[in-house]
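Trainee: Quick note, the sequences are listed as chains A and B, same order.
Each step along the first sequence adds one to the number in the UniProt record's numbering, with nothing skipped, and position 27 is 27.
Each step along the second sequence adds one to the number in the UniProt record's numbering, with nothing skipped, and position 371 is 371.
Possibly wrong hints are sitting among the right ones.
[Unchecked claim] Partial list, derived from the structure: chain B residues whose beta carbon lies under 10 Å from chain A:
#1 Val133
#2 Arg251
#3 His303
#4 Ser307
#5 Pro382
#6 Leu386
#7 Leu388
#8 Val407
#9 Phe413
#10 Asn420
#11 Ser429
#12 Leu432
#13 Leu434
#14 Pro435
#15 Val440
Simulated from the structure, these hints should not be mistaken for laboratory data.
Fair warning: this is a prediction, and the values are worked out from it, not measured in the lab.
Heads up, the beta-carbon is just placed ideally off N, CA and C, and yes, glycines get one too.
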Amino acid sequence: MKLITHNMLTSKGMKNVKEGFPLKIQAEEMRNVDIDYDRDFITRMIPKLDWKALVFAAQCVGHKEDLPDTLPDGYENDNELLKRLHHVLLEVEVISGCLECPETQRKFPISNGIPNMLLNEDEV
Amino acid sequence: MENCRRDWNKVKKKITRCIAILQRDLPDIHISEYPTKHIFIGNAGLTTNADESSLVELITSVGCGLEALTLLPGKQYSFASFTSPEQARTVLMAAHGHLGVQGSISPVYMAYVDKVPMDPSPIKFRFPPGLSVLEDFVSPKEELLLMNLVDWGASPSSTAQGSVLKAPRIVDRGCMPSLPDQLTINRYLPGQGIPPHVDTHSSFTDELLSLSLGGGVNMDFRYVGGSGSNSSTIEGSRDKPPHYVVYLPPRSLCVMTGPARYEWSHGICPRMTDVVASRNSVTGLQLLPRQERISFTFRKIRHGECSCQNASVCDSYGKEQKNSSKGESKRSTSPCDLPNDRSAARIEREHVLQVYDQIAEHFSVTRHKPWPQVLEFVLSLPQGSLLLDVGCGNGKYMGHNKQVFQVGCDTSFELMKICNNQGFEVLTSNCLQLPYRDSVFDAAVCIAVIHHLATEKRRLAAVREMVRVLNVGGRGLIYVWAMEQRRGEKKSTYLKQNKEGSVAAEMIKDQNSEEKALPNYHHDRCLQKVEMVRSGATSLPVHVNRTEFMQQDMLVPWKLKPPKKNESRCERRRCDRGCGMVHGSRSNRTQSSEPTVDSLQITNSCDVLASQENVRCDNCHSKSRKKIVCAETRPDQVFHS
Numbered sequence: 001m002k003l004i005t006h007n008m009l010t011s012k013g014m015k016n017v018k019e020g021f022p023l024k025i026q027a028e029e030m031r032n033v034d035i036d037y038d039r040d041f042i043t044r045m046i047p048k049l050d051w052k053a054l055v056f057a058a059q060c061v062g063h064k065e066d067l068p069d070t071l072p073d074g075y076e077n078d079n080e081l082l083k084r085l086h087h088v089l090l091e092v093e094v095i096s097g098c099l100e101c102p103e104t105q106r107k108f109p110i111s112n113g114i115p116n117m118l119l120n121e122d123e124v
Numbered sequence: 001m002e003n004c005r006r007d008w009n010k011v012k013k014k015i016t017r018c019i020a021i022l023q024r025d026l027p028d029i030h031i032s033e034y035p036t037k038h039i040f041i042g043n044a045g046l047t048t049n050a051d052e053s054s055l056v057e058l059i060t061s062v063g064c065g066l067e068a069l070t071l072l073p074g075k076q077y078s079f080a081s082f083t084s085p086e087q088a089r090t091v092l093m094a095a096h097g098h099l100g101v102q103g104s105i106s107p108v109y110m111a112y113v114d115k116v117p118m119d120p121s122p123i124k125f126r127f128p129p130g131l132s133v134l135e136d137f138v139s140p141k142e143e144l145l146l147m148n149l150v151d152w153g154a155s156p157s158s159t160a161q162g163s164v165l166k167a168p169r170i171v172d173r174g175c176m177p178s179l180p181d182q183l184t185i186n187r188y189l190p191g192q193g194i195p196p197h198v199d200t201h202s203s204f205t206d207e208l209l210s211l212s213l214g215g216g217v218n219m220d221f222r223y224v225g226g227s228g229s230n231s232s233t234i235e236g237s238r239d240k241p242p243h244y245v246v247y248l249p250p251r252s253l254c255v256m257t258g259p260a261r262y263e264w265s266h267g268i269c270p271r272m273t274d275v276v277a278s279r280n281s282v283t284g285l286q287l288l289p290r291q292e293r294i295s296f297t298f299r300k301i302r303h304g305e306c307s308c309q310n311a312s313v314c315d316s317y318g319k320e321q322k323n324s325s326k327g328e329s330k331r332s333t334s335p336c337d338l339p340n341d342r343s344a345a346r347i348e349r350e351h352v353l354q355v356y357d358q359i360a361e362h363f364s365v366t367r368h369k370p371w372p373q374v375l376e377f378v379l380s381l382p383q384g385s386l387l388l389d390v391g392c393g394n395g396k397y398m399g400h401n402k403q404v405f406q407v408g409c410d411t412s413f414e415l416m417k418i419c420n421n422q423g424f425e426v427l428t429s430n431c432l433q434l435p436y437r438d439s440v441f442d443a444a445v446c447i448a449v450i451h452h453l454a455t456e457k458r459r460l461a462a463v464r465e466m467v468r469v470l471n472v473g474g475r476g477l478i479y480v481w482a483m484e485q486r487r488g489e490k491k492s493t494y495l496k497q498n499k500e501g502s503v504a505a506e507m508i509k510d511q512n513s514e515e516k517a518l519p520n521y522h523h524d525r526c527l528q529k530v531e532m533v534r535s536g537a538t539s540l541p542v543h544v545n546r547t548e549f550m551q552q553d554m555l556v557p558w559k560l561k562p563p564k565k566n567e568s569r570c571e572r573r574r575c576d577r578g579c580g581m582v583h584g585s586r587s588n589r590t591q592s593s594e595p596t597v598d599s600l601q602i603t604n605s606c607d608v609l610a611s612q613e614n615v616r617c618d619n620c621h622s623k624s625r626k627k628i629v630c631a632e633t634r635p636d637q638v639f640h641s
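This is chain A alone, in the form it adopts within the complex:
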């Protein structure tokens, strides 16, 4: 699971969960993959992100120092920042561990890099 994916995930499908966002990452195994840097792509991705959640995710997996707490103005011209973002968003992957719902502490296991977001019948 990449952090860009994490940025979209929520556990709000569960009953009695309002936001379910952001999910807390407990990583056991991580991996770095090489992805071609595409500045244009990253620039376009940024407005779609929830920055706070991304910082939180980066913190969970030990990449806090790569990102500023708030998205600075003029980021589209900050090539260094864009490169770090590229790395955090696309190249860092959680292979195993779990995601935790912030409201119910329900844990969603990650194995083979695949989060299991299936809910039980009594959870919906």
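Based on the hints, put chain B in the right spot on chain A.
Mentor: This is chain B only, laid out in the frame that chain A set:
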């Protein structure tokens, strides 16, 4: 003289024997020495192949004043009632021992009786409640125009114009609240009919309209049960439900609504003539030879289940009951409460989710060629788009557009492993609870997924969930299997891959042949006989691959190769129904929701999409999805299709 006396003795002997039978059967009916209004006809009845029309023909040839005929099922005799004893006498004198009904070599034997049996099945020219017949609905000129629209020798193609012509008038005259969207054209030659039936409640809305062209016909209406609220007004005993005959003259429009549509069956008796009530004729009845009749039947496809709650006749009602768990009380008011959903979830788990985990590897090998329209959609997305593939399977549509970020989800962990190995970003989740934020995706595709869901409610919920995660202006693409695998005369590719010839023969061949002998796309064949598989709350038929779908809900078999023991698995699918349609209604509606092209669910979902006005649904469908139903000799088949 001698001869004549001997004949008369014979006649007397015969009628005596007939009377003996009558007295044994119906001791309440007494023979009268003197003329009465009622005549017993001892040797002409339903078991001797006499019917209403042949008896009317005989009687009206020698007399008049016939009021009613009474034929008893399983009996060789019948009764005729006249307005006066004199009229009865005229007929008896002329026919008794002298004349026979058509097709019989012996003459009829008659006697006066004091009464006829109570209400067996006299011809009752009455309308069931909710039925009306609008005479001269079209002019003779229009009739000719409409009849010529269909060339019965060639493929029926140009019917659409006819419906354009008719549809607005139907609404203007209040026959239907809105334009119909389905038209069935039947041709009945003299001697042809259609078995009694009630049009499936869940398939069509209340109003059914039948326009008669060319010839008139007697339509038989039989009460088949229902609420019983108006049973007091309906004649007939408990074991003999009422049976009314309604004559539909040419150029008339028959409108069935309410009880006539839901609680009465309608049918046409296959015969050459009709006995009709005549206003002019002194006999009161008239014999009309049948002529070629072409009927235009207009209906409107129902979206959703029928709400009539009429347990004995409604398929929707039965469905709800069946889906409920055993312990559920019948009084349960909401048909959509939990037990339904639970059993639906169970069916999906058993017949879809578990199956895919088992067949994942093989499934993946056979699913490599993306459907071009889906690929086109994926490639059309602008750079930097976020794309979700709901039910992504082995990731067939992932990784094609390098400029977008694509994620996928599916319930099968095994399939997700296959995706993950190819570097696709996926997770496991159910399409009913997508684990994504609201309005986050620019586009979403959902290909051949929603048909796995067991109820319409769940199918709609899946579409709503997809809409939820799409952002304003986002685009969605949904494909489902179509029930109809033909468009007009053309078979879909799916059917074509079943080579011409008998299915059974190919079944055997396929099972025995080596894998390498078969093209790839044949991998998924498991040619079994169609059988019912019982599972929990439902039993579903198993589909034979590459044949037409028998019904909307089917188990589709999957055969693993190389075959392992008992490894045939079935997945559950619902094939959506393309609507038969009226082009008139199509052109009147907006293009946005494309109501006529699609199936129930997709049309509904498009309403959902359209109402939110934030997505454009690229509304597609696999394979053939349109049809105009035209039947010539077997109209009964299409009525229930």
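Trainee: Now tell me if each hint is right for this structure.
Mentor: Status of each hint after checking the structure:
1. Val133: Violated - the Cβ of B/Val133 stays beyond 10 Å from chain A, reaching only about 52 Å at its closest.
2. Arg251: Interface hint status for B/Arg251: violated (57 Å vs cutoff 10 Å).
3. His303: With a minimum Cβ separation of about 26 Å from chain A (threshold 10 Å), the hint on B/His303 is violated.
4. Ser307: 27 Å, violated
5. Pro382: 9 Å, holds
6. Leu386: Status holds, d = 6 Å.
7. Leu388: Constraint on B/Leu388 satisfied, holds at 9 Å.
8. Val407: 6 Å, holds
9. Phe413: Hint holds; B/Phe413 Cβ to chain A Cβ min 7 Å, cut 10 Å.
10. Asn420: 5 Å, holds
11. Ser429: Holds. Min distance 4 Å.
12. Leu432: With a minimum Cβ separation of about 8 Å from chain A (threshold 10 Å), the hint on B/Leu432 holds.
13. Leu434: 7 Å, holds
14. Pro435: 4 Å, holds
15. Val440: 5 Å, holds
Violation of the numbered hints given earlier is confined to hints 1, 2, 3, 4; the remaining hints are satisfied by the structure.
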